[in-house]
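There are 4 protein chains.
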Amino acid sequence: MDLNKEILNKVQDVLTSATDEDKRVLTQVLNGLQSKHNGEYKTYITSFMKTSIQESGEQLEMSIPITPFLSNSVDIVHGGFTATLADTAMGTLVNRRIPENLVAVTSEMKLNYIAPGVGEALRCEATILHLGSKTSVTECKIYNDVGTLVAAASGSFYLIPR
Amino acid sequence: MDLNKEILNKVQDVLTSATDEDKRVLTQVLNGLQSKHNGEYKTYITSFMKTSIQESGEQLEMSIPITPFLSNSVDIVHGGFTATLADTAMGTLVNRRIPENLVAVTSEMKLNYIAPGVGEALRCEATILHLGSKTSVTECKIYNDVGTLVAAASGSFYLIPR
Amino acid sequence: MDLNKEILNKVQDVLTSATDEDKRVLTQVLNGLQSKHNGEYKTYITSFMKTSIQESGEQLEMSIPITPFLSNSVDIVHGGFTATLADTAMGTLVNRRIPENLVAVTSEMKLNYIAPGVGEALRCEATILHLGSKTSVTECKIYNDVGTLVAAASGSFYLIPR
Amino acid sequence: MDLNKEILNKVQDVLTSATDEDKRVLTQVLNGLQSKHNGEYKTYITSFMKTSIQESGEQLEMSIPITPFLSNSVDIVHGGFTATLADTAMGTLVNRRIPENLVAVTSEMKLNYIAPGVGEALRCEATILHLGSKTSVTECKIYNDVGTLVAAASGSFYLIPR
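Chains as they are written, first to last, in numbering that gives the first Met the number 0: chain S, 0 to 161; chain U, 0 to 161; chain D, 0 to 161; chain H, 0 to 161.
The set of hints was computed from the structure by calculation and includes no laboratory data. Some hints here could point you the wrong way.
No copy is singled out in the list; a pair is fine if it fits within one copy or between any two copies.
Distance condition first, Cα-Cα at most 20 Å in a straight line; then the derived EDC-like pairs of lysine to aspartate or glutamate [as the list claims (entries may be wrong)]: (1) LYS35 / ASP74; (2) LYS49 / GLU39; (3) LYS35 / GLU20; (4) LYS49 / GLU124; (5) LYS22 / ASP1; (6) LYS9 / GLU39.
Next up, chain S with everything else stripped away, as it sits in the complex:
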């Protein structure tokens, strides 16, 4: 109760001086909290990034809208979000292909940043190169909404008991 009041006061304080962009980012966070509460997301960051999955055969496609939430200091998508998208898409794909008693944890990842992350959305196509009983190797390509290749990545996962 007290904490709720404190949070509401803080929100009002923030809104006093907030830019439109600040408000847009805050709204995105609040929507994320609601979606996570509704069970649509398992993690805060993916709920804020609004990841959506479009699976297609052997691949997994995961998309996010490009919004100010993702910006780096020169107003393109922060490389950390590109990495988060790549890691999440590749990890989700592996987790969908392994027995339920196992979970995939990233052991290494490499990204090449090829074009600035600008446009309406990023779409990541993840593929499994190898799926063993203890490890998996994957790769992905990240495109923006007009089809420009923004980044390419590869990653390895340990498959460990949950």
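Based on these hints, arrange chains U, D and H on the given structure of chain S.
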């Protein structure tokens, strides 16, 4: 005005069903928005992650607290945040070493995830391996607050006119 | 003349105690020297590895026979040769796509070793992901002769004046 | 016997048209075959590269002379040899730290090429970042004989039963 009201309503709605963890994450976001507004941060994500810099000689040290905001689906720091910390620390170091008319943009990055991101905080030590007129190569190590090596990374940057 | 005699004496000395494998490796080196002298190869190592190119549209395919020359200490292809094949195939592809006054030099490369390098031959399929005026980003897959994916790699190149 | 004669004939044929550089490379190969036969090397390629180990505490230092054998098409050390040196040094270090019934096989490696491989020799300093029961993560720096940083690399190894 209208938008402010809409946001406040959404906050109240979120708080109705929010867990303590949700409230902690929302508070962290609100604090971040305030800090960014006060000029302490240039990007939303670093304000939410609460990055702090402790420079020491040739290296740059950047730390973040480990909070639920950072969690992946198995309750350790999401590899995407580890990547974001690495990218930000290495990029910030390079930006501090180059002329003001240039800016460093990441061309590639590779991370090895060595131990789970658990504990109170993550601390990233970034080092420049090469600084030319057009490119830079860097590396970093990420430790938690008890000194466990959590991740190691290397990255390259293009130095381009702002 | 003297040097020739010295070399011939050394060859005879080597042959005294050479295994069949040693002789096979020496023969491969001698054939390489001949091929390089005939202009088939620009470097010693590719002449010894007996790289051959089968270009196909946008990709470049480069193959090598698997012989004892390539073995590591557990009798599979040394990861260094897999790396050499990847680097050479990706670099050759880039060099074929850029103006003659430029040359591609590797700035970084990452390899995932997926299956042991065993069989009759390795075949590398290299693809360009990005070709700018100053840099290029490429990737490749390496298969053995029965189609097993042995390794996957990505690499970046600087395009510099010759 | 017959094969020996065939090899000697081929050597004579090669020597007829060989350049001084060709002879130097052939001599290096012959010396390598002798050293391998004497038990100094386990693999042909390391005997030809003339790797030597200077261990120092936690690190392993491995050096090779820079000779025409290593050249790429623009007369600097071929990136594949830099990779072979890195892989061999890191792998050798891990193999020296694990039980005798295990062997380290490379699962992934990434290299940043920082300065041209020129000079008298390359020296690789390899370090273990993590040594578990099933995997190891390592890194290395490669310098030339005047101390220029030529390359930096990181690599992971599976530790499997011999």
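Hints versus structure:
no.: 1; hint: LYS35 / ASP74; result: between (27 Å within a copy, 15 Å between copies)
no.: 2; hint: LYS49 / GLU39; result: within (10 Å within a copy, 26 Å between copies)
no.: 3; hint: LYS35 / GLU20; result: between (22 Å within a copy, 12 Å between copies)
no.: 4; hint: LYS49 / GLU124; result: within (16 Å within a copy, 31 Å between copies)
no.: 5; hint: LYS22 / ASP1; result: between (24 Å within a copy, 12 Å between copies)
no.: 6; hint: LYS9 / GLU39; result: between (27 Å within a copy, 18 Å between copies)
In summary, the structure agrees with every hint in the numbered list given earlier.
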